[in-house]
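The chain contents come next:
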Amino acid sequence: MTPFSWDRITPILMIAPSVVLIAIFVYGFIGRTAYTSLTAWRGVVPDYTFVGLRNYIRLFQTEKFQADIVNTVHFTAFFLAGCLILGLGAAVLLDQKLRGSIVFQNVFMFPLALSFIVTGTVWRWIFNPGYGLNVLFHNLHLDFLQSGWLTKPSSALNSLTIAAVWQMSGFCMAMFLAGLRGIPEELREAARVDGATEWQSFRYVVFPLLRPITLSAVIILGHISLKIFDLVFVMTFGGPGYSTDMPSLNMFITTFRQDLFARGAAIATVLLLMVALLIVPYLIWNLRGETER
Amino acid sequence: MSVLVAAPRPRAHLRPSTIVVYVLLVLLAIFYLLPMFAIVVTSLKSFAEVSRSTLWELPKAPTLEAFGSAFETLAPAFFNSVLLVVPATLLSALLGSLNGYVLSKWKFRGANVIFALLLFGMFIPYQSILIPLFQFLSTIGLYGSIPGLILVHVVYGIPICTLIFRNYFATVPRELLEAARMDGASVLGIFRYIMLPISIPGFVVVMIWQFTSIWNEFLFAITIAQQQQVITVALQNLAGSLLAQYQIQMAGSLLAAAPTLLVYILLGRYFVRGLLAGSLKG
Numbered sequence: 001m002t003p004f005s006w007d008r009i010t011p012i013l014m015i016a017p018s019v020v021l022i023a024i025f026v027y028g029f030i031g032r033t034a035y036t037s038l039t040a041w042r043g044v045v046p047d048y049t050f051v052g053l054r055n056y057i058r059l060f061q062t063e064k065f066q067a068d069i070v071n072t073v074h075f076t077a078f079f080l081a082g083c084l085i086l087g088l089g090a091a092v093l094l095d096q097k098l099r100g101s102i103v104f105q106n107v108f109m110f111p112l113a114l115s116f117i118v119t120g121t122v123w124r125w126i127f128n129p130g131y132g133l134n135v136l137f138h139n140l141h142l143d144f145l146q147s148g149w150l151t152k153p154s155s156a157l158n159s160l161t162i163a164a165v166w167q168m169s170g171f172c173m174a175m176f177l178a179g180l181r182g183i184p185e186e187l188r189e190a191a192r193v194d195g196a197t198e199w200q201s202f203r204y205v206v207f208p209l210l211r212p213i214t215l216s217a218v219i220i221l222g223h224i225s226l227k228i229f230d231l232v233f234v235m236t237f238g239g240p241g242y243s244t245d246m247p248s249l250n251m252f253i254t255t256f257r258q259d260l261f262a263r264g265a266a267i268a269t270v271l272l273l274m275v276a277l278l279i280v281p282y283l284i285w286n287l288r289g290e291t292e293r
Numbered sequence: 001m002s003v004l005v006a007a008p009r010p011r012a013h014l015r016p017s018t019i020v021v022y023v024l025l026v027l028l029a030i031f032y033l034l035p036m037f038a039i040v041v042t043s044l045k046s047f048a049e050v051s052r053s054t055l056w057e058l059p060k061a062p063t064l065e066a067f068g069s070a071f072e073t074l075a076p077a078f079f080n081s082v083l084l085v086v087p088a089t090l091l092s093a094l095l096g097s098l099n100g101y102v103l104s105k106w107k108f109r110g111a112n113v114i115f116a117l118l119l120f121g122m123f124i125p126y127q128s129i130l131i132p133l134f135q136f137l138s139t140i141g142l143y144g145s146i147p148g149l150i151l152v153h154v155v156y157g158i159p160i161c162t163l164i165f166r167n168y169f170a171t172v173p174r175e176l177l178e179a180a181r182m183d184g185a186s187v188l189g190i191f192r193y194i195m196l197p198i199s200i201p202g203f204v205v206v207m208i209w210q211f212t213s214i215w216n217e218f219l220f221a222i223t224i225a226q227q228q229q230v231i232t233v234a235l236q237n238l239a240g241s242l243l244a245q246y247q248i249q250m251a252g253s254l255l256a257a258a259p260t261l262l263v264y265i266l267l268g269r270y271f272v273r274g275l276l277a278g279s280l281k282g
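Protein chains in written order, with my numbering: chain B, 1 to 293; chain X, 1 to 282.
A few of these clues could be false.
[What the hints assert, rightly or not] For lysine to aspartate or glutamate, the following DMTMM-like pairs were computed, each having C-alpha atoms within a straight-line distance of at most 25 angstroms:
no., chain 1, residue 1, chain 2, residue 2
1, X, K105, X, E175
2, X, K107, B, D7
3, X, K105, B, D7
4, X, K60, X, E49
5, X, K107, X, E49
6, X, K107, X, D183
[Unchecked claim] Some residues of chain B that are not near chain X, with every Cβ distance over 10 angstroms (derived):
no., residue
7, S18
8, F50
9, Q61
10, G89
11, L114
12, F116
13, D143
14, Q200
15, V206
In short, the hints are calculated from the structure, not lab data.
Beta carbons: idealized from backbone N, C-alpha and C, even for Gly.
This is chain X alone, in the form it adopts within the complex (with noise of 0.2 angstroms):
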């Protein structure tokens, strides 16, 4: 996000000011950072160091028995994590290209009105639509698994993913469009052969933002897939089951962590565009 990086204002001294500045971050950073401090120094302790020492007190004797456990017990639902986000994250996008595309290239008329009602699909708390949901997934037999989670996540994910495929096309210029109609290319070729080709930055916000908000879903995961347990649920069941086990607990979320944290560090610009298109006015 261009407006978030910006050029350092250089400072030759120190004045006093610019130390309350970094006195008040350096605090503010120790209270964002603390559930980190406990993620590690608990996870690398055992059971028995554990229930004998407190959450402050660094480990006497490292050791990576936590993330074992944590590891034999949170694989499977990782696996099916993986298998859920990978296509219904590759679909939505697909799906929220094409209206994005569609709703700020030709608009036809109502096609404002149609925008608007699929924008308000992102905010719904799915409480509203769980009941007909569970019916309509049981009816169809898709129930209880991965394949019936992965179409929730891709319809669901519909309006977000129209949302900023539809900023992201608004700023291609129009004379892009018109130089490609007089070549006679249609509707579909001008998405096929220019739209496409220049929206990979679309694609990549899109596409963090999906695998970030799926990955870490939890209410429809516990409601309609509780047999084919995902990442969220087994954790949870891992921190309701092994209550005072902390260092496997630790070692778990790490584990469940990891992938959104990974993905966080290495594209976390694009993430925070994802976050601002669902603001609206970012």
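Pulled out of the complex, with its shape left as it was, chain B reads as follows (with noise of 0.2 angstroms):
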């Protein structure tokens, strides 16, 4: 047996605290959400009659929550889509390091500082039917491109999305800028010197080593959209009709505002579900390759 050490005991007591703090707040509170999520409680007052799945297979049969799946996945591909694009478009030209680069950077970033709440407030009036695009589409004779916008259903997930965009896409431009600063300028001028077009060097050289960062980028902006809610609660809060709603936001309105306290936990613990399938194999990538280092 070693003896008694306070160096040994000192690391644990600091960390303790927040140990303990996590292991109920986060383990603990999913734990009893799972569980609420198998009894009868609907109504204020707590009733904790085991009821098995009951609430899942009747959540499952809901409109509402079938449309919020398609929707969650329709969200997810476009959002992914119009980050990656812009994300990835906007590094490679900052990337070039012309004169003013930090200046343009620094817009593209901006919205990063700002709430959700701030963006959908805005965009709501860019897309205004009668005042905002729209007017500007017609004066610039591109009325092709007017639309109903955020007061039709089929197309009200797309507007959310392109203000959803507008907001996170910068995040991608910074993994990817970080990612194309930290590849070394001699392979691409060896690329070169083999006689590499600009296009090949980038494509056979550039492209496989952001691999991992597009991963990153991926599952991190993935799992924002699986839980994308403010910028819905503020723009269409679910509408018109189920066009725009989530599971995120049909979990909010379930238990605080019609008080099926169970049925709300069956959302939370699919939505749970779905998140950790994309991050727990991702934690267990990032902390496997640190050991490796």
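Got two chains here, separate frames each, mind docking them using the hints?
Structure, rendered in structure tokens:
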């Protein structure tokens, strides 16, 4: 047995408060939510009668939740595509290191400092069919670009995506830019010496090296888009109809506006599982890579 | 972020490809600045002018009326947000620095597992803890209050703060610690007299990150502190109740965004560092 030593105990005492807090507030609470989802609790008074998976079965039968899943997939796909294309494009342009690049870089990233509430409020005004973008497009003789934006079920989700891409694409850009700056100039130089064109050196040297960063960006942005809440809340509140409803908003309304706590807990659990499916492998991949280094 | 700020390569002549790059950069900049244009132009109009003109017309008779109305409505919430964000940021930075120090320099058996379990807490959708949290805060009497919201932000800020400090302390050479050990310094002594003084940049990154995140947070605020409105909730209410008064909505948006925008303008590179830390690999 090793002798008692404060140097062994102190570190554990130092992180103990955080570990206890996370154990309760994250894992304990998740467990309780999962348990709540298996009960009959509806109304303000808790009712812990066990009902098995009934809430989940009913949930998946509701038209609203089915719409949520379709909307989430649709939103995530377009949101990711938009952020990756704009992010990579902007990063490559900035990596040309032209005079004034830093100013453009700051402009592309400032939306990240704003809240989704501010973003949503402002974009709702820009999307206003009578005053906003439609007027601009008409003046530019681009009438075919006019749309009902947030007011029509067919265009509302895509409009929401535009605002989300506006806000988050700078994150993608920052990641790609860090990646590009991390690639040694010699590698590209070597490709040029071997007679590669600018495009070929990008396609066969730079892009493969950006693959891990692209994966990180997809996972981080992907999990953000699964959780998207604020923006929907302020821009459409899920409407028109269910056209922009999302699991996160559905959970909030079901639980805190309709007092259907057990069903709300079921939605929360499904949402958590979707996020965990994406994040847990990513965490393992990251931390494994760290110990190998 | 040093990797993001590279010296410009000198270019004497303007090649066609350079012009193409500039054109594309300007087009992108227009897209990103569009909402800023909408905010500034609209917030300087009177209600009469907003309803009569489109978003794209510059104000004919600029007025600060809208800012007055927005400030009157938002001031209490703005003050609440300050009361929330200052203690929450300080406390979570403090906890993060303790954890980061231990998890990078005093790794005990199982430390990496604990780190992974802490990190997971940063990615969860908070809906998955919201019901028990609501019950818990009601039980201890903190539901609907700023102290309750502070507690929540401190707890759920632990993972990201720990991550940033752990990465930061990992760059401190082992020799520094060993020298201090030789001189008889304790675990806490090393933290207090060696690590804390050199961790100012780490604190700056963490505090800017927490300040921005907490100031902008909405889900916790609307669920557990509806009675004590913070700025995001108040702005959402304002936008929902003054539907046609876009000039007040835009002025309010600028007021709500001002503190974090200011921090971004003044300390942008630290903000970016926190941002990239959140993606782990960065």
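Give me the numbers of the hints this structure contradicts, sorted from smallest to largest. Numbers 5, 7, 10, 11 and 12 - these are the hints that the structure violates, sorted from lowest upward.
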